[in-house]
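Below, each chain spelled out in residue letters.
Protein chains: 2
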Amino acid sequence: MSSDHKTSPLDRRRFLGAAGLAGAGLAAASLPLRAQEAKPDPLITEVQDWNRYLGEGVDKRPYGTPSPFEKHIVRRDVSWLTASPDSSVNFTPLHELDGIITPSGLCFERHHGGIAEIDPANHRLMIHGLVDKPLVFTMEDIRRMPRQNHVHFLECAANSGMEWRGAQLNGCQFTHGMVHNVMYTGVPLRLLLAEAGLKPTAKWLMLEGADSSGMNRSLPVEKALDDVLIAFAMNGEALRPEQGYPLRAVVPGWEGNIWVKWLRRIEAGDKSWQAREETSKYTDLLADGRSRRYTFIMDAKSVVTNPSPQAPLKHKGRNVLSGLAWSGRGTIKRVDVTLDGGKNWQAARIDGPVLEKSLTRFYVDFDWAGQELLIQSRAMDSTGYVQPTKDELRKVRGVNSIYHNNGIQTWQVRPNGETENVEIA
Amino acid sequence: MSSDHKTSPLDRRRFLGAAGLAGAGLAAASLPLRAQEAKPDPLITEVQDWNRYLGEGVDKRPYGTPSPFEKHIVRRDVSWLTASPDSSVNFTPLHELDGIITPSGLCFERHHGGIAEIDPANHRLMIHGLVDKPLVFTMEDIRRMPRQNHVHFLECAANSGMEWRGAQLNGCQFTHGMVHNVMYTGVPLRLLLAEAGLKPTAKWLMLEGADSSGMNRSLPVEKALDDVLIAFAMNGEALRPEQGYPLRAVVPGWEGNIWVKWLRRIEAGDKSWQAREETSKYTDLLADGRSRRYTFIMDAKSVVTNPSPQAPLKHKGRNVLSGLAWSGRGTIKRVDVTLDGGKNWQAARIDGPVLEKSLTRFYVDFDWAGQELLIQSRAMDSTGYVQPTKDELRKVRGVNSIYHNNGIQTWQVRPNGETENVEIA
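So the sequence lines, in the order shown, correspond to chains A and B.
Each residue of the first sequence is one higher than the one before, starting from 63 at the first, in the working numbering.
Each residue of the second sequence is one higher than the one before, starting from 63 at the first, in the working numbering.
The hints are simulated quantities; they were obtained by calculation from the structure and are not laboratory data.
Glycine included, each C-beta is placed from N, C-alpha and C at the ideal position.
You may find that some hints are simply not true.
[Stated by the list, open to error] Listed next, the in silico DSS-like pairs over lysine-lysine satisfying Cα-Cα at most 30 Å (straight line):
(1) K261/B x K285/B
(2) K378/B x K195/A
(3) K333/A x K261/A
(4) K122/A x K343/B
(5) K133/A x K195/A
(6) K376/A x K195/B
(7) K457/B x K395/B
(8) K333/B x K195/B
(9) K395/B x K285/B
(10) K395/A x K405/A
(11) K395/A x K285/A
(12) K195/B x K265/B
(13) K133/B x K376/B
(14) K265/A x K333/A
(15) K376/B x K195/A
(16) K265/B x K378/B
(17) K133/B x K378/B
(18) K122/B x K343/A
(19) K333/B x K376/B
(20) K378/A x K195/B
(21) K133/A x K122/A
(22) K285/B x K133/A
(23) K376/A x K265/A
(24) K195/B x K133/B
(25) K122/A x K395/B
(26) K285/A x K261/A
(27) K376/B x K285/B
(28) K261/B x K333/B
(29) K405/A x K378/A
(30) K333/B x K343/B
(31) K133/A x K133/B
(32) K122/B x K122/A
(33) K261/B x K395/A
[To be verified] Covered, in the sense of this in silico footprint (three residues per stretch, anywhere, with C-beta under 8 Å from a C-beta of chain B), are these stretches of chain A:
(34) 112–121
(35) 174–182
(36) 205–211
(37) 218–229
(38) 264–278
(39) 407–418
(40) 479–486
Starting from the given sequences, assemble the full structure and let the hints guide the process.
This is the structure:
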């Protein structure tokens with residue numbers, strides 16, 4: 063691939079061709095070779111310390127941690143931006159990650175009253191309201207019910223929120239880092255509701271957390287009976303404390319705020335609760351002063367994670383462009399990438415599992431001659447929906463809201479490799 | 063399901079029926095309900111401390127860790143069994159995990175000279191021998207090549223090794239815990255070899271680690287050109303130090319010992335290297351004194367992780383039986399489970415992604431009346447291969463070897479719920 067390919071974004075033949083290469087795992091076999099030829103290199107010819115001395119044994123880390131050489135790879139908090147760190151947010155370092163699983167230790171956090179520290183032996187989930195039989199579940203009760211495993215993205219409705227008014231934050235960790243993607247294990251909510259017996263008049267559920275903010279949201283019964291999980295595990299182990307240990311709602315494809323953490327209560331009612339988090343917050347304020355409410359679904363979105371402002375290009379010649387795409391309405395069918403600000407587009411190589419309402423990884427293996435690049439990615443999901451430009455979104459929604467910005471992101475790579483968050487007309 | 067179902071393990075109709083239920087997520091809708099009815103419970107009616115006080119903010123853990131209530135969930139090392147902890151092993155706590163992703167901090171470790179601590183800036187991979195152009199790659203060189211993402215199990219050839227001579231170890235962590243399953247990101251080895259240009263006479267590669275043991279193994283070129291990855295990431299982030307940071311071989315479906323960690327050198331040759339780890343070790347000593355060598359592939363295997371000796375049954379009535387199945391030859395097609403020592407079998411409910419050469423999760427949602435159980439699971443893979451009994455294996459291989467025991471495991475659950483590792487004729 064090179065930046066002067068005249069490729070229509072809708073050139074179906076080329077799309078299939080790229081997919082075929084990816085299937086054969088040979089996508090870049092024709093790239094020029096850049097690896098350094100063998101020559102005397104003390105790192106090769108001389109015995110190094112790690113070759114000479116015994117390393118740490120198997121008894122030192124019953125629970126393992128990353129290499130000390132990775133200690134800069136962390137969630138970045140912005141509690142300096144908020145009134146307190148207890149009701150604040152930190153960000154997933156997307157530019158340092160690969161594949162589609164977010165390591166649990168690097169999943170962004172957002173709390174409204176700090177992390178509740180709960181002994182699972184003392185945790186209860188109550189289901190009541192418009193039900194035949196109110197029920198209280200212990201964690202052991204829940205663990206004895208049929209469970210399922212699903213990989214899903216969780217995106218905060220405010221992800222990319224500061225970008226509504228133009229390029230603001232210099233790094234995909236900050237523009238797009240309020241998203242993560244893990245494998246959850248939990249009990250389908252419909253099974254819990256079946257035990258309690260939802261009355262026919264029940265149309266909405268109220269989900270409430272056991273944290274100090276008592277975070278609560280209204281969930282339509284239709285979604286609850288569809289694919290919502292009450293999860294106790296993520297990436298194979300118990301939920302992390304900041305992700306709602308010991309129990310959280312998993313609401314696939316919907317904004318993160320409704321994935322109530324430290325879940326202690328589900329009340330069935332005949333209308334929504336008008337909770338603080340769905341009236342004063344998590345509504346989309348339009349230009350005319352009206353608000354869109356209950357805009358639950360996170361539409362198709364994508365971002366190039368490498369190169370990006372925190373991960374500039376360091377080498378001419380061969381390079382890997384990498385990114386993530388996701389949709390709250392299904393699977394990702396295609397991602398198009400441009401390197402020249404939209405003059406030419408090509409289908410990216412999607413690699414790894416393509417799962418329902420999950421992050422999906424894409425790549426473009428390309429050669430860089432040192433020219434300026436204007437990089438964008440544009441996702442298309444299984445419903446045929448195509449990710450819009452920011453300007454297209456602004457025309458419809460104005461710039462008052464901080465929520466639900468799924469507009470196309472632009473990175474400018476300069477000849478020296480430095481990369482910046484920009485907007486182009 | 064109940065233990066007196068008269069179900070043939072090959073009853074295709076029943077198998078499809080169970081799969082259909084799993085798809086609908088309704089596998090246990092007909093089970094008796096056991097959740098406790100709502101009644102005054104101070105944990106519900108009174109405000110708890112975690113409701114009353116602000117919790118920890120987003121600024122405290124740039125890299126997150128499990129809840130303090132989970133601190134007993136760790137890898138168990140057996141360095142008391144070996145000459146030193148530097149050449150020893152610890153075990154994945156399979157009975158505490160769910161889904162198919164093993165958290166990186168709980169992936170078992172096996173080293174032959176301790177964990178090499180390597181600065182990635184000083185790491186090199188050399189490819190030489192029967193190649194047109196010997197090459198040295200830096201980590202940055204490798205990260206600029208086309209990469210792929212795959213979830214694969216890694217199983218030590220010696221997993222379940224002590225069980226050859228009868229039930230020895232009381233817990234699936236110890237009998238089966240030398241296996242883990244993560245998503246790897248890496249460059250197909252065939253792309254690296256294409257750069258160096260393998261000569262037609264090259265039939266074997268020698269892979270060598272940069273650790274103090276200089277661990278090395280011979281790999282047939284045919285496998286190297288098939289699906290081997292040179293991986294730098296696992297579960298989205300850099301490899302963990304004990305898993306070969308910054309670079310390891312991923313050899314899907316093959317015994318763990320050949321997944322060389324801290325990979326520094328690949329030499330192409332015309333025959334195998336007769337390395338220590340493929341002559342004195344990692345061969346299967348038969349009853350007549352001959353050894354099977356280069357027995358790379360890990361055949362289909364399964365184990366029930368719950369209940370198991372470390373995770374006894376605690377409640378009568380509704381329960382979840384859970385387990386893992388895997389095959390080095392493809393995907394898992396079916397898992398049969400018996401609760402009565404083989405009189406009756408039923409198809410387990412497989413849940414979550416079913417991926418190539420990956421752990422696969424299965425469940426049986428069952429009611430327990432308090433009777434003794436003799437639990438076994440039996441995996442069938444996409445080649446039609448069925449996991450054998452231990453006795454079937456012993457007839458063919460004798461009991462001298464400690465490697466490649468994929469025999470069916472039996473747990474005995476007593477009326478008080480305690481569970482033990484047993485063998486039945």
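Checked hints:
1. Of the pairs offered as hints, the one joining K261/B and K285/B holds, with about 16 Å between alpha carbons and a cut-off of 30 Å not exceeded.
2. Using a Cα cut-off of 30 Å, the hinted pair K378/B and K195/A holds, with the two alpha carbons roughly 22 Å apart.
3. Between the alpha carbons of K333/A and K261/A the distance comes to roughly 13 Å, so the proposed pair stays at or under 30 Å and holds.
4. Distance restraint check for K122/A and K343/B: the Cα-Cα separation of roughly 26 Å lies within the 30 Å cut-off, and the hinted pair is therefore satisfied.
5. Taking the CA atoms of K133/A and K195/A, the gap is about 51 Å. The hint is violated against a cut of 30 Å.
6. Between the alpha carbons of K376/A and K195/B the distance comes to roughly 25 Å, so the proposed pair stays at or under 30 Å and holds.
7. Between K457/B and K395/B the CA atoms are separated by roughly 26 Å; this keeps the pair inside 30 Å, and the hint holds.
8. The suggested pairing of K333/B with K195/B holds, with an alpha-carbon distance near 20 Å, which does not exceed 30 Å.
9. In summary, the hint linking K395/B to K285/B is supported, as the alpha carbons are separated by about 23 Å, within the 30 Å threshold.
10. Taking the CA atoms of K395/A and K405/A, the gap is near 22 Å; set against the 30 Å cutoff, the hint holds.
11. Our distance criterion of 30 Å between C-alpha atoms is met by K395/A and K285/A, whose separation comes to about 23 Å.
12. Of the supplied pair hints, the one linking K195/B and K265/B holds, its CA atoms being roughly 17 Å apart against a limit of 30 Å.
13. Proximity of K133/B to K376/B is assessed by CA-CA distance (about 21 Å); at most 30 Å being required, the pair is judged to hold.
14. Of the supplied pair hints, the one linking K265/A and K333/A holds, its CA atoms being roughly 6 Å apart against a limit of 30 Å.
15. Of the supplied pair hints, the one linking K376/B and K195/A holds, its CA atoms being roughly 25 Å apart against a limit of 30 Å.
16. A distance of roughly 58 Å separates the Cα atoms of K265/B and K378/B; the hinted pair therefore is violated under the 30 Å criterion.
17. This hinted pair checks out: K133/B and K378/B have alpha carbons roughly 28 Å apart, not beyond 30 Å.
18. The straight-line distance between the Cα atoms of K122/B and K343/A is roughly 26 Å, inside the 30 Å bound, and the hint therefore holds.
19. Note on K333/B and K376/B: the hinted pairing is violated, with a Cα-Cα distance of about 56 Å set against a maximum of 30 Å.
20. Only pairs whose Cα atoms come within 30 Å are accepted, and K378/A paired with K195/B is accepted, the gap being roughly 22 Å.
21. Taking the CA atoms of K133/A and K122/A, the gap is about 19 Å. The hint holds against a cut of 30 Å.
22. The suggested pairing of K285/B with K133/A is violated, with an alpha-carbon distance near 35 Å, which exceeds 30 Å.
23. About 55 Å separates the Cα atoms of K376/A and K265/A, which puts this hinted pair outside 30 Å; it is violated.
24. Restraint check for K195/B and K133/B: the C-alpha separation of about 51 Å exceeds 30 Å, so the hint is violated.
25. At most 30 Å may separate the alpha-carbon atoms for a hinted pair to count; K122/A and K395/B exceed this at roughly 39 Å.
26. With a C-alpha separation of about 16 Å, the suggested pairing of K285/A with K261/A holds against the 30 Å cut-off.
27. The straight-line distance between the Cα atoms of K376/B and K285/B is roughly 46 Å, outside the 30 Å bound, and the hint therefore fails.
28. Between K261/B and K333/B the alpha-carbon distance is near 13 Å, which keeps this suggested pair within the 30 Å criterion.
29. At most 30 Å may separate the alpha-carbon atoms for a hinted pair to count; K405/A and K378/A meet this at roughly 22 Å.
30. Our distance criterion of 30 Å between C-alpha atoms is met by K333/B and K343/B, whose separation comes to about 19 Å.
31. At roughly 22 Å between alpha-carbon atoms, K133/A and K133/B fall within 30 Å of each other, so this suggested pair holds.
32. With a C-alpha separation of about 24 Å, the suggested pair K122/B and K122/A falls inside the 30 Å cut-off, and the hint holds.
33. A hinted pair counts as satisfied when its Cα atoms are at most 30 Å apart, and K261/B with K395/A does not qualify at roughly 40 Å.
34. Coverage of the region 112–121 of chain A by chain B holds [criterion: at least 3 residues with CB-CB distance below 8 Å; count 10].
35. With 8 residues bearing a CB less than 8 Å from a CB of chain B, the region 174–182 of chain A meets the requirement of three and the coverage assertion stands.
36. For the region 205–211 of chain A, the assignment as covered by chain B holds, since 7 residues bring a beta-carbon within under 8 Å of that chain's beta-carbons and 3 suffice.
37. A stretch counts as covered by a chain when three or more of its residues have a beta carbon under 8 Å from one of that chain; for the region 218–229 of chain A and chain B the count is 0, and the coverage is violated.
38. Counting residues of the region 264–278 of chain A whose CB lies closer than 8 Å to any CB of chain B gives 4, which reaches the minimum of 3, so the coverage claim holds.
39. Counting residues of the region 407–418 of chain A whose C-beta lies closer than 8 Å to any C-beta of chain B gives 5; at least three are required, and the coverage claim holds.
40. For the region 479–486 of chain A, the stated coverage by chain B is violated: 0 residues have a C-beta nearer than 8 Å to a C-beta of that chain, whereas at least 3 were required.
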